[in-house]
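> If you want the building blocks of each chain, they are given just below.
Number of protein chains: 2
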Amino acid sequence: MVQYQPIDRTFHALADPTRRAVLERLGRDSATITELAEPFGISLTGMKKHVQVLEDAGLVTTEKIGRVRHCRLGPRRLEEETAWIEKYRSMLEARYDRLGAFLERTRPSGDQP
Amino acid sequence: MVQYQPIDRTFHALADPTRRAVLERLGRDSATITELAEPFGISLTGMKKHVQVLEDAGLVTTEKIGRVRHCRLGPRRLEEETAWIEKYRSMLEARYDRLGAFLERTRPSGDQP
Numbered sequence: 035m036v037q038y039q040p041i042d043r044t045f046h047a048l049a050d051p052t053r054r055a056v057l058e059r060l061g062r063d064s065a066t067i068t069e070l071a072e073p074f075g076i077s078l079t080g081m082k083k084h085v086q087v088l089e090d091a092g093l094v095t096t097e098k099i100g101r102v103r104h105c106r107l108g109p110r111r112l113e114e115e116t117a118w119i120e121k122y123r124s125m126l127e128a129r130y131d132r133l134g135a136f137l138e139r140t141r142p143s144g145d146q147p
Numbered sequence: 035m036v037q038y039q040p041i042d043r044t045f046h047a048l049a050d051p052t053r054r055a056v057l058e059r060l061g062r063d064s065a066t067i068t069e070l071a072e073p074f075g076i077s078l079t080g081m082k083k084h085v086q087v088l089e090d091a092g093l094v095t096t097e098k099i100g101r102v103r104h105c106r107l108g109p110r111r112l113e114e115e116t117a118w119i120e121k122y123r124s125m126l127e128a129r130y131d132r133l134g135a136f137l138e139r140t141r142p143s144g145d146q147p
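As you go down the protein sequences, you meet chains A and B in turn.
Count the first sequence with the numbering used here and you get residues 35 to 147, in order.
Count the second sequence with the numbering used here and you get residues 35 to 147, in order.
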């Protein structure tokens, strides 16, 4: 059985254009569910589900005041996600370097200037 | 109707610890589906599904030779994903800076040294 980690929830949360746009919107200012739903033309129920996914990932924090749920950016800073992607890209670069070195070694001598 | 983009497929592909581990494994060397499945103790069918998700995201390329499917890293370099995360983190920092400036402005004068 796979044990899901915080980084899994973050990448899952980011894998949707509406959820990424909600984060960008909350970066400007906090908002209610209604304010978030309106510009996307989606239902309150649909937006609540997106916000729940973002909240589970620590990307959004919500607070219910009276009957209105207020949303703002949460504590998650994407440090772990940045580190994973950077490690992966370093590995890709090392592979290209090795491939380049291999091609250099195996180049027919007739190609040399 | 939401139109999914390449970046959505990438983040979805990265949102699973087995799939991230497969990418790290393929960073060392190419492998068959059987070789990938064995260390994770999952079925060939399960691994094929994971590889399909990675292939849809451009993170893995597969080639069937005879009856065996060989897997290696694909063309996607995570440039768009890195850019999105960097933009988000810059926005977070700007928010903290604004909050800091606000706290500085509103600090009671009695707290000053």
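The hints are simulated quantities; they were obtained by calculation from the structure and are not laboratory data.
Be aware that a few hints might be false.
Any copy, or any two copies together, can satisfy a pair, since identical chains are not distinguished.
BS3-like, lysine-lysine: derived pairs with alpha carbons at most 30 Å apart [said to hold, decoys possible]:
1) K98 x K82
2) K121 x K82
3) K83 x K98
4) K121 x K98
> Given identical chains, is K98 near K82, meaning Cα to Cα at most 30 Å, within a copy, between copies, both, or neither?
within (12 Å within a copy, 44 Å between copies)
> With identical chains treated as interchangeable, where does the CA-CA distance between K121 and K98 reach 30 Å or less: within a copy, between copies, both, or neither?
Cα proximity of K121 and K98: across copies only (29 Å, versus 39 Å in one copy).
> At most 30 Å between CA atoms: does that hold for K83 and K98 within a copy, between copies, both, or neither?
within (15 Å within a copy, 40 Å between copies)
> Tell me, please, which holds for K121 and K82 at an alpha-carbon limit of 30 Å: within, between, both or neither?
Between copies only: 25 Å across, 34 Å inside.
The structure is consistent with each of the numbered hints, conforming to all of them.
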